[in-house]
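Asks: Let the hints inform the model, and build the full structure from the sequences given.
Same order as they appear, the protein sequences are chains A and B. Each residue of the first sequence is one higher than the last, beginning at 0 in numbering that gives the first Met the number 0. Each residue of the second sequence is one higher than the last, beginning at 0 in numbering that gives the first Met the number 0.
Among the hints, erroneous ones may be present.
Stated by the list, open to error - Here are the simulated SDA-like cross-link-like pairs (lysine to any residue), alpha carbons at most 20 Å apart as the crow flies:
{"#": "1", "chain 1": "A", "residue 1": "Lys6", "chain 2": "A", "residue 2": "Ser97"}
{"#": "2", "chain 1": "B", "residue 1": "Lys1", "chain 2": "A", "residue 2": "Ser69"}
{"#": "3", "chain 1": "B", "residue 1": "Lys1", "chain 2": "B", "residue 2": "Asp34"}
{"#": "4", "chain 1": "B", "residue 1": "Lys1", "chain 2": "A", "residue 2": "Pro67"}
{"#": "5", "chain 1": "B", "residue 1": "Lys1", "chain 2": "A", "residue 2": "Pro66"}
To be verified - A few chain A residues that face chain B, going by a derived Cβ cut-off under 7 Å, partial list only:
{"#": "6", "residue": "Pro47"}
{"#": "7", "residue": "Ser69"}
{"#": "8", "residue": "Trp284"}
{"#": "9", "residue": "Arg365"}
{"#": "10", "residue": "Ile366"}
{"#": "11", "residue": "Val368"}
{"#": "12", "residue": "Pro369"}
Stated by the list, open to error - Simulated restraints, written as ranges between beta carbons of each label pair:
{"#": "13", "chain 1": "A", "residue 1": "Ile234", "chain 2": "B", "residue 2": "Glu37", "range": "39 to 49 Å"}
{"#": "14", "chain 1": "A", "residue 1": "Gly277", "chain 2": "B", "residue 2": "Val43", "range": "35 to 45 Å"}
{"#": "15", "chain 1": "B", "residue 1": "Pro20", "chain 2": "A", "residue 2": "Glu27", "range": "16 to 26 Å"}
{"#": "16", "chain 1": "A", "residue 1": "Asp338", "chain 2": "B", "residue 2": "Pro20", "range": "18 to 28 Å"}
{"#": "17", "chain 1": "B", "residue 1": "Asp28", "chain 2": "A", "residue 2": "Ser61", "range": "22 to 32 Å"}
{"#": "18", "chain 1": "B", "residue 1": "Asp27", "chain 2": "A", "residue 2": "Asp30", "range": "36 to 46 Å"}
In case anyone wonders, no lab produced these hints; they're calculated from the structure. Note that the Cβ used here is the ideal one computed from N, Cα and C, for glycine as well.
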Amino acid sequence: MSTVALKRVVVVGNGIAGLTAADTLREEGFDGELTIVGDEIHPAYSRPALSKALLLDGDTLSSHTLPPASHGARELLGVRATGLDPDRRLVTLDDGTSLPYDGVVLATGSRARRLSGLPDEVTLRGLDDALALRRRLAGRPSVLVVGGGPLGMEIASGCLAAGCPVTLVSQGEPLTAQLGPHLAGVFTTAARERGLTVVRTGPARVAGRAGDVHVALDDGTVLRAEVLLTAVGDIPNTEWLAGTGLVVNGAVPVDTRGLARPGVAAVGDLAAFPTPRGRRRVPLWSSAIDQGKSAARALVHGDDAPPMSFQPYFWTEQFGRTLKAVGPLPAAGEPVYVDGEPGSGPALMAWQQEDGSTTAVALDYRIPVPRLRRMTRTPA
Amino acid sequence: MKIVLDRPRCEGHGLCEEAAPQLMHLDDDGELVLDLEEIDGGDVALAKAAARVCPVAALRVQ
Numbered sequence: 000m001s002t003v004a005l006k007r008v009v010v011v012g013n014g015i016a017g018l019t020a021a022d023t024l025r026e027e028g029f030d031g032e033l034t035i036v037g038d039e040i041h042p043a044y045s046r047p048a049l050s051k052a053l054l055l056d057g058d059t060l061s062s063h064t065l066p067p068a069s070h071g072a073r074e075l076l077g078v079r080a081t082g083l084d085p086d087r088r089l090v091t092l093d094d095g096t097s098l099p100y101d102g103v104v105l106a107t108g109s110r111a112r113r114l115s116g117l118p119d120e121v122t123l124r125g126l127d128d129a130l131a132l133r134r135r136l137a138g139r140p141s142v143l144v145v146g147g148g149p150l151g152m153e154i155a156s157g158c159l160a161a162g163c164p165v166t167l168v169s170q171g172e173p174l175t176a177q178l179g180p181h182l183a184g185v186f187t188t189a190a191r192e193r194g195l196t197v198v199r200t201g202p203a204r205v206a207g208r209a210g211d212v213h214v215a216l217d218d219g220t221v222l223r224a225e226v227l228l229t230a231v232g233d234i235p236n237t238e239w240l241a242g243t244g245l246v247v248n249g250a251v252p253v254d255t256r257g258l259a260r261p262g263v264a265a266v267g268d269l270a271a272f273p274t275p276r277g278r279r280r281v282p283l284w285s286s287a288i289d290q291g292k293s294a295a296r297a298l299v300h301g302d303d304a305p306p307m308s309f310q311p312y313f314w315t316e317q318f319g320r321t322l323k324a325v326g327p328l329p330a331a332g333e334p335v336y337v338d339g340e341p342g343s344g345p346a347l348m349a350w351q352q353e354d355g356s357t358t359a360v361a362l363d364y365r366i367p368v369p370r371l372r373r374m375t376r377t378p379a
Numbered sequence: 000m001k002i003v004l005d006r007p008r009c010e011g012h013g014l015c016e017e018a019a020p021q022l023m024h025l026d027d028d029g030e031l032v033l034d035l036e037e038i039d040g041g042d043v044a045l046a047k048a049a050a051r052v053c054p055v056a057a058l059r060v061q
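Replies: Printed below as a string of structure tokens:
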């Protein structure tokens, strides 16, 4: 599609992926009519901060705040897209109106997967979720977290730091599936030292009724707490795209530039893009940014736009320890120590992965991410 | 315009450096150094791009 034909662009979704796409459209010279639709009334915010700093913030409540948008788009906030008609090039909205477009960016993200329909099952995905949880933590309730991934562990850490007794239910040892056994061991050790109770189980269920909810483990054990929170993955928000042919296995597959079709880009947590390990969703902050930039350039410049070159950057903060990683995770086996040594101190480590790639990890170690990236280009 | 860094908030992710290496870098200790604080022209867009990618909102352009 040439620049001439691109007069109206609609970005559906006001998270970091949609916001970055909108910013980049302007940077790449798109000066037409730009509209952003966001189902939350809040301006875009930093989602990674919700389960980290925001739970611990003093009274400032600003660690999630992003700089004000400068793309000059018409922002329709608190409005949800209900459908897309790719032939007529229309986005329909839940207020009954519709928006015509020449180019559209699908960026409606994902939502928390739930284990029940019970309102007492709490999840943390959006800003309102985080603010509500924070308010409840002030009373130091007992907390039961289901889910041993990075999000569940970050939330457990935040709840412990707030003074709550916390039990975490995990399938297998927490974080092992996501980070690999070595790094998982670092964090679970710190977690237990700080008083986290870890319950390992097979599949767990959330059951009960409103006002009396519990977690049933696969061995029949029943666990209860004043706050029951699940962090068991995310589901892309693609229902509104039903009938478009754009959704495969619940996600929107895109090409190396983030396009699902000419004029239709998909970015962020709902998009599955080609990676060295196959086409997949990579629901991470830096992934959303790279996708947003790439897709905006593809809308403006078409095939002249460069394909996305993406390398995952992941970080977590929990139980007093911080990790920054560039390259694929989990990391199997033991690392090579570039700086520091085995034990509990700061360390800079590298893993040579089976597929020939290198994963560079900084543990409690301040290092510029560009330097971590360079480490992945030289064999460990 | 001016780039303002909230240093206690900075966690040294360095995504800003990747967005605007002409304007800022992390030193060997992982501390962010603003190479240019007073900015104009094309640097303003770069600085805003750098502020935007910061996941802890440690940068402002004002």
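Asks: Is 18 to 28 Å a correct range for the gap between the Cβ atoms of Asp338 of chain A and Pro20 of chain B?
Replies: 23 Å, holds
Asks: Is the interface hint satisfied for Arg365 of chain A? The criterion is a beta-carbon contact with chain B at less than 7 Å.
Replies: Given a least distance of 3 Å, the restraint on Arg365 of chain A holds.
Asks: Would you say the C-beta atoms of Pro20 of chain B and Glu27 of chain A sit inside 16 to 26 Å of each other?
Replies: Roughly 19 Å apart at Cβ, these two residues keep to the hinted range, so it holds.
Asks: So, as I understand it, the hint says Val368 of chain A touches chain B; can you test that by seeing if any CB pair is closer than 7 Å?
Replies: Because about 4 Å separates Val368 of chain A from the closest Cβ in chain B, which is inside the 7 Å limit, the hint holds.
Asks: Straight-line Cα separation of Lys6 of chain A and Ser97 of chain A no greater than 20 Å?
Replies: Cα-Cα ~16 Å, so holds.
Asks: What's the verdict on Lys1 of chain B and Asp34 of chain B, does the C-alpha distance respect the 20 Å limit or exceed it?
Replies: Roughly 12 Å between the alpha carbons, so the hint for Lys1 of chain B and Asp34 of chain B holds.
Asks: Mind checking the CB of Trp284 of chain A against every CB in chain B and telling me if the closest is under 7 Å?
Replies: 5 Å, holds
Asks: Answer holds if the nearest beta-carbon of chain B is closer than 7 Å to that of Pro369 of chain A; otherwise answer violated.
Replies: Pro369 of chain A check passes; min Cβ-Cβ to chain B is 6 Å, inside 7 Å.
Asks: Has the given pair, Lys1 of chain B with Pro66 of chain A, been kept, meaning a C-alpha gap of at most 20 Å?
Replies: 14 Å, holds
Asks: May I ask you to test the interface hint for Ile366 of chain A with respect to chain B, counting a Cβ-Cβ separation under 7 Å as satisfied?
Replies: 5 Å, holds
Asks: Given the proposed pairing of Lys1 of chain B with Pro67 of chain A, does the C-alpha separation stay at or below 20 Å?
Replies: 15 Å, holds
Asks: A range of 22 to 32 Å was offered for this pair. Does it hold for the Cβ distance of Asp28 of chain B and Ser61 of chain A?
Replies: 26 Å, holds
In summary, the structure agrees with every hint in the numbered list given earlier.
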